[in-house]
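*Asks:* What follows is each chain in one-letter form.
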Amino acid sequence: MSELPVNLTVQDSLVEVLESIARTRFCDCYQCGKCTAGCPRASAMDVAPNRLIRMLQLGDVEPALRSQAIWQCVSCETCTTRCPKSVDCAAIMDALRCEAYRLGMTSEKQAPVMLFQKAFLDNIRRNGRLDEIELIAQFKISGFAATRSPRFLMKDASLGLKLQARKKLHLRGEKVRDRGVVHRIFARCQNGSA
Amino acid sequence: MNLGYYPGCALHGSSDDYEQSLRACFGALGVELNELDEWICCGATAAHSLNPKLSIALPARNLALASQRGFAEMLAPCSMCSMQLMKAQRLMSKDTALAEEMARIVEAKPNGTRVLNLIQTFELIGLDAIKAAVRRPLQGLEVACYYGCLLTRPPEIVEFDDCEQPESMERIVAALGAKPVAWNYKTECCGAGMTMSSEETVLELSHKIIADAAEHGAKAIVVACPMCAVNLDMKQAAIEARYTTKYGMPINYLSDLVGLAVGLAPETLGMNRHFVERKA
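As given, the protein sequences belong to chains V and F, one line each in that order.
Under this note's numbering, think of the first position of the first sequence as 1, with each following residue one higher.
Under this note's numbering, think of the first position of the second sequence as 1, with each following residue one higher.
Careful: at least some of the hints might be erroneous.
Unchecked claim - Computed list of lysine-lysine pairs in BS3-like fashion (alpha-carbon distance at most 25 Å, straight line):
no.: 1; chain 1: F; residue 1: 279; chain 2: V; residue 2: 162
no.: 2; chain 1: V; residue 1: 162; chain 2: F; residue 2: 219
no.: 3; chain 1: F; residue 1: 208; chain 2: V; residue 2: 155
no.: 4; chain 1: F; residue 1: 246; chain 2: F; residue 2: 179
Simulated from the structure, these hints should not be mistaken for lab results.
Here the structure is a predicted model, which is why all the values come from computation and not from measurement.
With the rest of the complex left out, here is chain F (with noise of 0.2 Å):
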């Protein structure tokens, strides 16, 4: 499989581990990963909260790339990136005007590539291709699979899911043998990207999820986005601070779990460069 890849500034900043994990997990099943080449930001929230026609011209840009390509489908594994992808594209595919504006502010025109997240990305290999490729199956291992906001908000751009209760993640984990616990944060909001601007909020919203998690018997929360990694794994220290408690409480990647389970060791898969150690 042949598929295109919009990493998004965080996996090539900070959020590095996710690349990673995402070439060795990918390697392993058989599928290539072809970055865009001269990808731009997304805008993420500082486009869409300070200037409107911004927020949609930047994805616009990389949309146009990637037909210019001829990627079928392309990866955009953090979950603000996908979103504003494929908000971007449901504008102009309704609004013609829209559309004809775009195509002359970024200077090429977009033209189909479907954007997927890192859950499409799985199903699109298959449920049945991954569960022949488990080698080390995970044991019952109990996580709580973590969606935050945007893979499932809002419903009518990303189309993905239950936007209250998805189950899409569930089932990869149990296909590599681990179980998925119930529990009631999966969709809340981390505090997304005021990890600088506003601590205090991230604090309060993060600690709400892995308070939920642990009371639930997870061992690990599960996660498809930079940005809740970084909110629930970086700070899950000072969370830990400011409620005099301790959780401890591994934070990982979905294509971890998949790398794991298909035999890769955690090093390969940059687990060794998470804040919260895993527990053997």
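So that you can see chain V by itself, here it is in the shape it has in the complex (with noise of 0.2 Å):
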């Protein structure tokens, strides 16, 4: 097994830089499972939302950043939304995907949903606005590379035909003008907690 990236000391700062990302507090929570019951995704996910909030209370961050729930979200609001003690579960939910993408703690089988963000901000890092098709074979190409997959590299191929059809694919993407200050953008929030 690989060394752990993560120890127990870490782990308190950890439990901090996370509060600060989602800007709230996990000792609010008192547990009554509010977000987990109107969590679309929550029968999916293998940690509960209020169980992972449970994990940070106790400290015991790095099962929260290894599970695959935070990639099964799908940052609808719902639970935050609900929380009666206004924690902002979402909030936490994108912190803790942050620190796991920081980390390089992603779980291997949820990986195709980091790969595709990060596929997402790669692109509009150098165009400021999304080009479809580049976004797609970027995100393809790092998908194949993870799973060895055939049938993920090919399950949207029929996909290019059916927007044809309806005038709906662009093959060149739109550019800004100025792509300096959206590099220098991105360039200074590489800076800091993520």
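Mind docking these for me? Both chains are given alone in their own frames, and the hints should help you get the complex.
*Replies:* Pasting the structure below:
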């Protein structure tokens, strides 16, 4: 087994990092379970949302970061909206994803979701706006490298024709004129928390 | 009315039928859409999942450009974009240090443009004005008004309608002569940006929405977000195959219905470019 990237002391400071990214306090949660009750993805998660928060309350950060649950979350904000204690559960999911990504602790089974987000950001950094064809190409290449699955590679192959039939396929994506400022914004946001 | 317009990536990509619909509809209502020059992507789920600072900075850049242009109001017809813009605005208004940091990062200072979703824009034009423009009432067409996640959530950020039982879209379609049905899934999630990265998620969630709308007698679902449209319309054939059923449920943008009612042809609104065909 590979060496763990975090030890216990680091886990303590990670709790603070996660709270500051999420702008919310884990101790506010009293475990009523309303977040999990309303979550449309709870049944597909290995760890339910309220249990993820319980792990963080107990300082048990690593299993939370390694859970596939955080990549199942669809960011629908239902948990945050319904929390009677105003815990921003959706922001906690974001914070866990950010840190799992930064520390290279993404659950392998959920790699495609992370790779898609990564390809999406790379694409915006280059163009300022999303180039759909370029995004799909990059996602498929990186996903195939990770999964070695021909099915993954070919799954959306017919999509192009269907889009083309409705004049929805744009072979050349848009770019902003001032891409320099986009690069600088990205560079300045790489420093610090993520 | 002179309105700022932030299209967002989807409306300049494969959801450009939505932009066609908006331009035709607002044109017929005498409202000019002024596209924000040099707008950049809001960052969407990718930014808030992987880089929290960027998820505030990208919207902040657009807000700054909008205030430089002097837009008092700006329409963001994608609910991911509108929520991200509103969220950045809200966070910066509560936290001066953050606002200053963002001004430095994005090389400009955002200053008070009001961001509107599509429903709010129709409300700004006014229900009475819309009613007065109706030439071909929708004759009691039964529709399910679908809000999805981010038009009403999180309520502290978007400050719009009731987050569990919204009614604003129902009031608009009723003004057009359509009949909104009562149903259970108007604020459930369609799977949003998982269309490509986790198709199974989208098929499961969107299936429940279409099934519930059909069960309550809807002849069409009305949306005000390009991602909702993609998942419910483009993925509908895959949903039908996956769950061995047939819905043929047309998915209309809210601007399609307003456009039809004020007398525009479906083709003018780009409705011939949808995946599920409209019933005559």
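*Asks:* Would you mind marking each hint as holding or not holding in the structure?
*Replies:* Okay, the hints, checked on the actual structure:
Note on residue 279 (chain F) and residue 162 (chain V): the hinted pairing holds, with a Cα-Cα distance of about 20 Å set against a maximum of 25 Å. For the given pair, residue 162 (chain V) sits about 24 Å from residue 219 (chain F) by alpha-carbon distance, which is consistent with the 25 Å threshold. Pair hint residue 208 (chain F) plus residue 155 (chain V) holds up; C-alpha atoms about 23 Å apart against a cutoff of 25 Å. For the proposed pair residue 246 (chain F) and residue 179 (chain F), the alpha carbon gap of about 23 Å is at most 25 Å, so the pair holds.
The earlier numbered hints are all upheld by this structure, with none contradicted.
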